[in-house]
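Generate the whole structure from the sequences, applying the supplied hints.
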Amino acid sequence: MTKVVLLTKSFAKKNIKKFLDRDYEYWYLSDDFLTLLDIKNKSGNYHIRTLGKEFYTLAEELKNDLLELSQSINLENCENEYFWGTQLASRSVTSGPLFRILIYLHFAQDLISKMEGKILIISDSLILNSFLAKASTLMGVRVENHMTFCEKFHGPRVWLKLLLRSIYFSCSYIYRWLLLRRLRNKRLTSDLKEGIYLLRSWVTQGNIGDDSSYKDRNFTELLDHLEKSKESVWILPMFFNLKRTFRQEVKLMSESKVNFLFPEQYLGF
0 MTKVVLLTKS FAKKNIKKFL DRDYEYWYLS DDFLTLLDIK NKSGNYHIRT LGKEFYTLAE
60 ELKNDLLELS QSINLENCEN EYFWGTQLAS RSVTSGPLFR ILIYLHFAQD LISKMEGKIL
120 IISDSLILNS FLAKASTLMG VRVENHMTFC EKFHGPRVWL KLLLRSIYFS CSYIYRWLLL
180 RRLRNKRLTS DLKEGIYLLR SWVTQGNIGD DSSYKDRNFT ELLDHLEKSK ESVWILPMFF
240 NLKRTFRQEV KLMSESKVNF LFPEQYLGF
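According to numbering that gives the first Met the number 0, the sequence shown is numbered sequentially starting from 0.
Please note that a few of the clues may not be correct.
For lysine-lysine, the following DSS-like pairs were computed, each having C-alpha atoms within a straight-line distance of at most 25 Å [as the list claims (entries may be wrong)]:
(1) 117 to 160
(2) 13 to 39
(3) 12 to 185
(4) 16 to 39
With beta-carbon atoms standing in for the labels, derived distance ranges [to be verified]:
(5) 138 to 20: 20 to 26 Å
(6) 83 to 55: 27 to 33 Å
(7) 48 to 156: 30 to 36 Å
(8) 55 to 157: 28 to 34 Å
(9) 138 to 46: 21 to 27 Å
Hints in this document: simulated from the structure, not taken from any laboratory.
Keep in mind the model is a prediction, meaning the values are calculated, not measured.
All C-beta atoms, glycine included, are put in the ideal place defined by N, C-alpha and C.
Laid out in structure tokens, this is it:
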């Protein structure tokens with residue numbers, strides 16, 4: 000009777016010796032060959048096979064079907080602006096991890112359905128192993144799915160990370176909002192008599208001096224020209240790789256002769 004044993008890459012690195020058996024046919028479905036070398040060193044003379052050229056053969060067979068599916072999904076969601084920010088819309092599906100997982104899934108399902116005996120498959124994808132476990136069960140094949148303790152709680156860990164991240168960014172925004180609202184810098188009013196020039200520019204190390212002077216690296220000539228023409232110029236800053244703390248940086252900016260526009264000062268909470 001056919002038996003399938005599924006191991007994650009992390010689990011196999013620590014426990015492969017427990018599964019060494021001459022009755023098994025070993026397959027490694029991953030492009031992490033450094034880990035493969037480590038597992039082989041721990042496996043002694045046991046032969047662990049990879050897809051090799053067959054991977055590219057399967058890629059050619061599946062590529063057109065996946066591209067057609069991707070095209071149909073794009074057409075169905077073409078008017079949804081949020082869809083175009085997803086990985087499926089912003090990059091080629093044949094260059095992402097989804098395509099690689101589909102190739103391994105197609106190969107492994109075909110292998111399990113045709114082979115009789117014991118098969119051990121090592122992969123670096125929890126999703127792939129989950130699909131293979133379900134497919135093997137539906138085919139009436141005995142299956143064992145092994146993973147590390149941390150991987151068993153992968154789902155809850157992801158949700159916890161997202162929750163903590165959302166709390167962190169929310170607190171960061173509130174802190175920035177309160178800090179910027181308390182600055183005593185010049186601000187735009189609704190009774191503007193003349194137009195202004197608003198330049199969106201990066202603020203990073205070296206842009207703001209200790210004396211609150213400002214050196215713009217993106218619009219140097221334009222800024223000089225507008226200032227000489229006595230035009231009203233405002234800088235909408237984008238912060239990146241600051242030398243000082245954010246609080247120190249904006250405090251110096253608030254004391255500068257240059258007009259800085261901080262959106263948080265005009266937004267309610």
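Outcome of range test on Cβ distance (residue 48, residue 156; 30 to 36 Å):
holds, 32 Å
Would the hint linking residue 12 and residue 185 be met if the CA-CA limit is 25 Å?
violated, 61 Å
Check whether the Cα positions of residue 117 and residue 160 lie no farther apart than 25 Å.
violated, 38 Å
Between residue 83 and residue 55, is the Cβ distance one that fits in 27 to 33 Å?
holds, 30 Å
Taking the beta carbons of residue 138 and residue 20, is their distance inside 20 to 26 Å?
Between residue 138 and residue 20, where Cβ atoms are some 22 Å apart, the hint holds.
Under the criterion that the straight-line Cα-Cα distance not exceed 25 Å, is the pair residue 16, residue 39 satisfied?
Within the cut-off at roughly 10 Å; holds.
Does 28 to 34 Å hold as the CB distance between residue 55 and residue 157, or does it fail?
At roughly 32 Å between Cβ atoms, residue 157 and residue 55 fall inside 28 to 34 Å, so the hint holds.
So if I understand the rule, the pair passes when the alpha-carbon distance is 25 Å or less; does residue 13 with residue 39 pass?
holds, 12 Å
Is it true that residue 138 and residue 46 lie within 21 to 27 Å of each other by Cβ?
holds, 25 Å
When the structure is compared with the earlier hints, violations turn up for hints 1, 3 and for no others.
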